[in-house]
Every structure is written in C-alpha cells, then in structure tokens.
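Chains as they are written, first to last, in my numbering: chain A, 1 to 83; chain B, 1001 to 1153.
Please note that the accuracy of each hint is not assured.
If you only want the chain A side, here are some residues facing chain B, beta carbon under 8 Å, derived [as the list claims (entries may be wrong)]: (1) Trp8; (2) Ser25; (3) Ala55; (4) Arg59; (5) His61; (6) Phe77; (7) Pro78; (8) Gly83.
Here are the simulated DSS-like cross-link-like pairs (lysine-lysine), alpha carbons at most 30 Å apart as the crow flies [as the list claims (entries may be wrong)]: (9) B/Lys1121 / A/Lys63; (10) B/Lys1121 / A/Lys15; (11) A/Lys15 / A/Lys2; (12) B/Lys1121 / A/Lys2.
These are computed hints drawn from the structure, not numbers from a lab. Glycine residues also receive a C-beta, built at the ideal position from the N, C-alpha and C atoms.
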Amino acid sequence: MKLLYFAWVRERIGKPDEEVDVPASVRTVGDLVAWLQGRGEEYAYAFENAAVIRAAIDRNHVKPDTAIAGAREIAFFPPMTGG
Amino acid sequence: MTVRLQREDFDIGAEIARLSQGRTDVGAVASFTGICRGGDIAAMTLEHYPGMAEAEIERHVAEAETRWPLLGVTVIHRYGRLVPGDNIVLVATASQHREAAFAAAEFLMDYLKTRAPFWKKEERAGGDGWVEARQSDAAAAERWSGRRPEAAE
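So that you can see chain B by itself, here it is in the shape it has in the complex (with noise of 0.2 Å):
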C-alpha cells in the first residue's frame, strides 16, 4: 500500500507502471486520476487534517484489501493551491483481474471523497468559497456500506 499526500504534482504512468514492475502475478490495473476542472474558477485551495488525512486513507486501502484479492494500491492526494488542469488525486489499483480493480478503484475514490478530510476552497471572480459537500457522493458511498456494516456513519 502506498498513501502519499503532497503540495508537489505526481506522475501518473510511473505510478501506474510501479504496480505492475518487476512481477508477473498482476493482470489488471486499473486507475482514476481527479483533475481541477476550469470554467469559472481560477484556482482552488485544498486544505486537509495532518495526520487524519493520511489515516483515513490507510483505513479505506486496508478495508479495500479485506474485500477484494488487491495486489498493490496507491493513493496521492495533493493539497494546497491548484490550478485547473492540474491532477488532485490518483487512485490506482492491481489485482489479478479487472473485477476487483476496478470495483477498488471506484470503493476507494467514493469514501476518499466523503470520509477522507480534505476541503476545496475555490477562487472565482465573484469572491472565494468553500466547496459544498454533494449528496450525490454522499449516495455513492453509502451504497458500499450495505455490505460493511460498521461503515455506516
């Protein structure tokens, strides 16, 4: 498992190619990269909790590892200021197969957004503001929990 939170920007085919180098039981990986959109922001400020961050995650990879045969997973999470176009987050799973990479990727991506604390502060013309929470990921995590009953919070 690797967890890494950084001001610094990531390289995603090394990570990728990292899960996969030197060995020949993997046969799948699967990967999700957030990106900072532009439109009408100019930037955006992502704060997190020392410490928290880094254990939250490492809860969920854990949890992740329980559920699903994972032959390696890693988690970058950037904080500080971002511009759009940069990459905020990579998520990178492999396993033997694509079942349980895929399904890890998504497992991990849908509580790294509800339950990981980190808060999005965005700069637009009309002034600065902090991110809402959506209740649509809120429902994306919630539909793993039915199958891990001590998640529900």
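Next comes chain A alone, as it looks inside the complex (with noise of 0.2 Å):
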C-alpha cells in the first residue's frame, strides 16, 4: 500500500511518500504506526508521540483502531491548521 506523510511527519521521514508491504500482523493503524517506529530513527523520531498523529485511509479521517484491510492509501500528519 502507498503511505503519504504530511508537514512535520514528511520532514522527520525525510520523504512524502512511498510504497511498503506491510506483514500480515499489521491490522490496524496503530499497528502500524508501531511498525513504522522500528523501521529507523527517523520514523522513531516522527512517531515519537504517536497520540497526536492523524492518520486517514483512502482520504478519510480514521482513529487508531481502524483497520487497514484493503486500503489502498494511508496518509499520517499532525492536527491541521488551515482555514
């Protein structure tokens, strides 16, 4: 599946995107956000306070116990400031 990174989260990874195969054991997006923590420093350091990343599938808003069965794309960024 593709993961996209947004502002802080894209700066700490050091890319805005990429393609992963995610093991079988990964079910929801907090599973993943704590595989994406040992995959190096710097997801350590982006996931380093995972209670205040969002994250949404295929563009919508999800919490941490979504799971990702079928999702084609999973963005993750910190709380939005536009308006």
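Take each chain as given, in its own frame, and dock them per the hints.
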C-alpha cells in the first residue's frame, strides 16, 4: 500500500510518500504506527508522540483502531492548521 | 457548491456576487475571509493533502446543506507561500435568511480549521516553524458535534 506523510511528519521521515509491504500481523492503523516506529530512527522520531499523529485511509479521517485491510492509501500527519 | 483549492489569489467581491447573480430567491449572503496576519511572521507556507482536502471540504459543505436551507456555498482555500495581507480562505454562504447563512459559514470555518488537511509553516526571524493546532479551534468545532453525533472524533 501507499503511505503518505505531511508537514513535520514528512520532514522527519524525509520523504513525502512510499510504497510498503506490510506484514499480515499489522491489522490496524495503530499497529501500522508501531511497525513504522521500528523501521529506523527517522520513523521513531516522526512517531515519537504517536498520540498526536492523525491518520487517513483513502482520504477519510480514521482512528488508531481502524482496520487497514483493503486500504490503498494511508496518510499520517499532525493536527491540521488550515483555515 | 463550489470548492476550489488554488495557489493564486481570489476576487472576494466577484465570488460573493456570484452567489446571488441571476436569481431572486437569495435574501442573504454571509462571507468569511481568512487573511495572512503580519506581526512577527515574514511569510507562511500552506501545505495540503491534494484530493483529501477537496473531499473533506465537500463533505462538510454537504453536511452544512443538510443542516441549513442553503442556496449556494463557495469555499476557496489557497496553498503555497503567502505573505502578510494575502487572502488565505474564503467561505461564502447564501440562503433566504441571514440565520442560516451566518451559521453555515461559521460551521464551515470551524470544521475547516480542525478537519481539512492543511498545515501552516511560518517563516519567522528566529527560524521556520509549523503552527501548532489550537485547543480553542478544536473546541469551536466540537460545539457543533452535539447536533451531529456521527461527527464526533
């Protein structure tokens, strides 16, 4: 699936998006965050305070307990500051 | 419904006029313009999530249309680098009466602030920094959710 990162999550990870193959044991958005945290120090830094990170699956806001099965695109970003 | 994301500026007067042009059923148009504020920032850059930003705004406009008898809605949000004095966002709502137009414009702005995927990075003398989300904005959006249970998140 495709992962997208925005704002300081993007800056900390050092890329705007990537394609990943996620292990079957990763079932929810929260599982995915935990898995990403283990991929390297840039990911650990981006997700060091996972509680503040927001996520969207296929362009809809989701919570950490949302299942990721069938997702094409999952985005991670800080709280929004538009308007 | 008109929802546009764009780099370039918009013409506030033309956008407001368009909501009542050529029709006689509109009795009220309310508008809000968000402007890049000066002071200690030299500029700001607005990042957005293309695709989701439009979809999220359209969802909220559709929600506003179920809550109030609206005759037209325009939302324009800019992205890219903006300097103090630049327009950032326009929300304009048309209805038969002012109550619906005012309320819907406020509802849309409150949700834009907290749910639309935009992020502001400010250029300051001491360096650049991402704007932090304000609790008061979250609280402003939250007050609408009592009348819309599925919106709570």
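Structure versus earlier hints - violations, ascending order: 2, 3
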